[in-house]
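> Sequence:
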Amino acid sequence: MPLEPPLTDLKSNPPLPSPTDQFLYRSAREAHDQAEYLGYLLLFQGTPPSVERVRDHVAAAAPRVPAWAYRLAGRHGRLAWEAVADLDPRGHVHELRLAPGPDPVGRMADELHRLPFPEDAPDWGIWLVRGWAPDSYALCYRVHHALQDGMGAAAVIGALFGPGEHRLPLTVPPQVEPPLKPGELAAMLAADIPAAARRTARWTPGLRPPGAHQTVHHTHVEVERLRRLSKSAGVTLNQVYLAVTAGALRAWSPADWSTGKRPLHVCTPLDTRPAGYEQATLGNHMAMLRIPLPCAEPDPRRRLESVVRAARVSPERRMATRAGLRVLPRTGAALIRYFLGPRRTALTVTNVRAPNGLSFGADPVIACVGLPALLLGHALIVCLASYGPEASVVFVSDRTDPDPAVLPGLWHTALAELEQAYSC
Numbered sequence: 001m002p003l004e005p006p007l008t009d010l011k012s013n014p015p016l017p018s019p020t021d022q023f024l025y026r027s028a029r030e031a032h033d034q035a036e037y038l039g040y041l042l043l044f045q046g047t048p049p050s051v052e053r054v055r056d057h058v059a060a061a062a063p064r065v066p067a068w069a070y071r072l073a074g075r076h077g078r079l080a081w082e083a084v085a086d087l088d089p090r091g092h093v094h095e096l097r098l099a100p101g102p103d104p105v106g107r108m109a110d111e112l113h114r115l116p117f118p119e120d121a122p123d124w125g126i127w128l129v130r131g132w133a134p135d136s137y138a139l140c141y142r143v144h145h146a147l148q149d150g151m152g153a154a155a156v157i158g159a160l161f162g163p164g165e166h167r168l169p170l171t172v173p174p175q176v177e178p179p180l181k182p183g184e185l186a187a188m189l190a191a192d193i194p195a196a197a198r199r200t201a202r203w204t205p206g207l208r209p210p211g212a213h214q215t216v217h218h219t220h221v222e223v224e225r226l227r228r229l230s231k232s233a234g235v236t237l238n239q240v241y242l243a244v245t246a247g248a249l250r251a252w253s254p255a256d257w258s259t260g261k262r263p264l265h266v267c268t269p270l271d272t273r274p275a276g277y278e279q280a281t282l283g284n285h286m287a288m289l290r291i292p293l294p295c296a297e298p299d300p301r302r303r304l305e306s307v308v309r310a311a312r313v314s315p316e317r318r319m320a321t322r323a324g325l326r327v328l329p330r331t332g333a334a335l336i337r338y339f340l341g342p343r344r345t346a347l348t349v350t351n352v353r354a355p356n357g358l359s360f361g362a363d364p365v366i367a368c369v370g371l372p373a374l375l376l377g378h379a380l381i382v383c384l385a386s387y388g389p390e391a392s393v394v395f396v397s398d399r400t401d402p403d404p405a406v407l408p409g410l411w412h413t414a415l416a417e418l419e420q421a422y423s424c
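Numbering-wise, the UniProt record's numbering puts 330 at position 330 of the sequence shown, and it's gapless, one number per residue.
I should point out that these hints are in silico values taken from the structure, not numbers from a laboratory. Treat each hint with caution, since some may be false.
What the hints assert, rightly or not - In the EDC-like style, the derived pairs of lysine to aspartate or glutamate whose C-alpha atoms are separated by at most 20 Å in a straight line are:
#1 K231 <-> E419
#2 K261 <-> D299
#3 K231 <-> E390
#4 K181 <-> D271
#5 K231 <-> E316
#6 K181 <-> E316
Computed from a prediction, not measured in an experiment: that's the story for all the values here.
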């Protein structure tokens with residue numbers, strides 16, 4: 001059955017897209033490729049289902065995901081959300097056959113990342129992956145980044161494969177949006193803009209021309225290792241993750257840090273959803289925080305201390321950023337392009353957690369792999385996606401020199417060095 005638009009009053013008065021929505025939509029039209037899609041790859045043990053069974057499941061669960069009934073479209077020279085007429089969720093379910101062989105997770109992640117979307121279902125899709133083993137299969141949710149951010153996509157896989165049948169909120173109602181405080185916003189911009197105007201470190205991967213294809217490399221880590229280290233150091237898990245990534249990047253292009261001391265700037269998504277609307281799924285509710293990674297610092301302990309100083313974010317800042325982007329949409333989109341482009345920000349580093357208790361029928365999810373979108377002309381994006389006791393670490397790059405295939409090993413080496421520094 002076609003999925004009807006969930007909120008009829010939004011047909012005539014749809015919500016406005018955020019500056020990030022507008023930026024990603026226009027960037028995708030300029031790029032003409034698959035770079036703007038993100039997703040989650042869920043792995044199962046059990047007899048693979050038929051694609052028809054998956055289509056039935058998605059069609060039954062689709063009313064829980066009202067964001068699927070909308071798309072970005074131009075109206076009188078401006079972008080706006082509009083309801084999609086006659087949307088059939090079954091047409092968004094596809095199948096991928098994977099031959100037996102080594103590293104099936106890596107091969108399917110790489111192939112899914114490159115797969116084009118059908119012209120009649122361009123915004124989101126679900127792929128059933130099977131064939132590499134008789135008792136294993138995977139389901140992958142992919143969505144255009146202008147339609148949803150990583151947190152919104154995580155909420156969707158929770159609604160599709162988690163317990164219960166609760167309907168996700170479409171977006172954040174105007175009456176709960178944080179108020180604009182001009183003084184607070186002005187102080188934040190006065191501190192951020194001069195710092196963001198400075199270029200990032202000279203970085204060999206960023207100087208190389210993009211290749212013809214993006215590559216996906218992955219590893220995994222026990223979440224308890226990261227928690228134990230964060231407890232020993234008295235910092236957050238995310239700060240540990242950033243410091244370990246800084247160590248891996250230092251080893252990836254060592255010649256860049258032999259004389260240069262300038263930090264390598266990364267952007268990390270900052271969720272700005274208000275309390276009670278953490279699962280809002282339409283559009284992007286993320287701001288980008290620009291953080292200097294101390295890749296020139298040889299001591300792993302001092303690298304972590306530097307990250308901690310740079311990566312503190314108060315709840316007040318989150319809400320001030322959201323309010324500022326809401327009232328200055330055109331300025332916000334321009335700032336994203338200027339300050340987060342490759343001259344001033346070298347790469348993106350993300351950290352997401354998938355909902356617990358996911359399953360398809362009687363088969364529980366045994367692992368979750370994030371598939372991030374490589375954006376902004378960056379040479380690399382790194383994604384930590386946690387599910388249950390383990391987390392995947394994924395590296396997506398379109399550069400070949402230095403070889404990104406070594407990054408998973410370098411990341412584990414950097415983690416071991418930091419553990420040794422704190423006697424973990």
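> Work down the list of hints and note, for each, if the structure agrees.
Structure-based check of all given hints:
1. K231 <-> E419: 11 Å, holds
2. K261 <-> D299: 13 Å, holds
3. K231 <-> E390: Given pair K231, E390 holds - Cα atoms ~17 Å apart, limit 20 Å.
4. K181 <-> D271: Between K181 and D271 the Cα gap is close to 19 Å, so the pair holds against 20 Å.
5. K231 <-> E316: This hinted pair is violated, its Cα atoms lying about 25 Å apart.
6. K181 <-> E316: At roughly 11 Å apart (the allowed maximum being 20 Å), E316 and K181 satisfy the hint.
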